[in-house]
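Enquirer: Sequence:
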Amino acid sequence: MDSKPPSPEVLSMETSTRDDSYFRIRYNDKVKYVVVTRGTFNSDELCLPLYSLPPLPYEDDGWTVARVSRNPGSPQLQFVLENRPLQGVKEIWHPEQVDCLALKRVQRLTMNVSECTRKGQEAPQSTFIAKIARFEWEIPRIEQEGHVYRLLQDTDIGPQFLGHVVEQGRVIGFVLEKLHGKSASIEHRARCTEVLGRLHRLGLLHGDVNRHNFILGDGWTKMIDFEKSKETHDEGLFKAEMSSLSSELEDESGRGAGFL
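Going by my numbering, the sequence shown opens with residue -9, and the numbers climb by one from there.
Just so you know, the hints here were simulated from the structure itself, not pulled from any lab data.
Take these hints with a grain of salt, some might be off.
[What the hints assert, rightly or not] Simulated restraints on C-beta separations: (1) GLN111 x TYR41: 28 to 38 Å; (2) ASP208 x PRO75: 38 to 48 Å; (3) GLY159 x PRO45: 22 to 32 Å; (4) ARG188 x PRO75: 51 to 61 Å; (5) HIS178 x PRO85: 28 to 38 Å.
[To be verified] Cut-off 27 Å, straight-line C-alpha distance, at most; resulting in silico cross-link-like pairs (DSSO-like, lysine-lysine): (6) LYS212 x LYS168; (7) LYS109 x LYS94; (8) LYS80 x LYS168; (9) LYS20 x LYS172; (10) LYS20 x LYS109; (11) LYS80 x LYS20; (12) LYS20 x LYS94; (13) LYS229 x LYS212; (14) LYS229 x LYS218; (15) LYS(-6) x LYS80.
We treat Cβ as the ideally placed atom computed from N, Cα and C, and that holds for glycine.
Work out the full structure: start from the sequences and follow the hints.
Expert: Written out as structure tokens, the structure is:
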């Protein structure tokens, strides 16, 4: 009896009825990208793309991106296949690489951050944090944050960088140790000031010192989420960031929550 062919699976999606919509789709051991032209589908159809898309040749290695549209004045769908290299992270500095399809999500924390384990590993196993660029426009932020983690090696300021995440030969993200702690609040100002000061002395501005980007454990304080960080020697920027710390630690709006 013939085995049933694999079904496509939507890994990521970014939809809009006012702009193009984007889908990242897994088929067996391949990942394909689909761009749906604005106006092709309504909002309900965009929410269920696998029922709305035309039959694409997912098994074909000869394309990476499909562009789907509708003929003007006609219900007929059409698609164009492109076989082009996709943008990836260029600064590859860690020896460990993890295939994105080998990640098993335990919990989604944000749109591009998940708590994961590795598929196929024997239980029990510790979880880690995976952060990826779902689509090409997110690559620069991943590139920047990965660079900062390279600068933070052996400083104990942030979580341990465990390796790069790869997808079909290109780097699209990284994995970090899972920090078991709690978010900071105003009573932890001294601890947060100390670790932020150490970051500044390395010539790094964090860029988003909301209280959820400080994680406190038993005798340690670390920072996370360095995608807005930048190298600088501008003392005025360091002073302004440090001055904003108290109000950030008092903020109970929930802004920045979700990583833990």
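Enquirer: Hints first: check each against the structure and report whether it holds.
Expert: Hint-by-hint comparison with the structure:
A beta carbon spacing of about 34 Å between GLN111 and TYR41 agrees with the range 28 to 38 Å that was offered as a hint. With their beta carbons about 46 Å apart, ASP208 and PRO75 fall inside the hinted range of 38 to 48 Å. Between GLY159 and PRO45 the Cβ separation comes to about 27 Å, which falls inside the hinted range of 22 to 32 Å. One distance hint, 51 to 61 Å for the beta-carbon pair ARG188 and PRO75, is violated here, with the actual separation near 39 Å.
Range check, HIS178 to PRO85: Cβ separation about 35 Å, and the 28 to 38 Å hint holds. Taken as a hint, the LYS212 and LYS168 pair is honoured in the structure, with Cα atoms around 12 Å apart against an allowance of 27 Å. Straight-line distance between C-alpha atoms of LYS109 and LYS94 comes to about 5 Å, which keeps the hinted pair within the 27 Å bound. Distance check on the hinted pair: LYS80 and LYS168 sit about 25 Å apart at the alpha-carbon level, within 27 Å; holds.
For the hint pairing LYS20 with LYS172, the CA-to-CA distance comes to about 38 Å; that exceeds 27 Å, so the pair is violated. For the proposed pair LYS20 and LYS109, the alpha carbon gap of about 16 Å is at most 27 Å, so the pair holds. Among the hinted pairs, LYS80 with LYS20 is consistent with the structure: their alpha-carbon atoms are about 22 Å apart, no more than 27 Å. Our distance criterion of 27 Å between C-alpha atoms is met by LYS20 and LYS94, whose separation comes to about 16 Å.
With a C-alpha separation of about 20 Å, the suggested pairing of LYS229 with LYS212 holds against the 27 Å cut-off. Between the alpha carbons of LYS229 and LYS218 the distance comes to roughly 17 Å, so the proposed pair stays at or under 27 Å and holds. With a CA separation close to 38 Å, the supplied pair LYS(-6) and LYS80 exceeds the 27 Å bound.
Hints 4, 9, 15, counting from the list given before, are not met by this structure.
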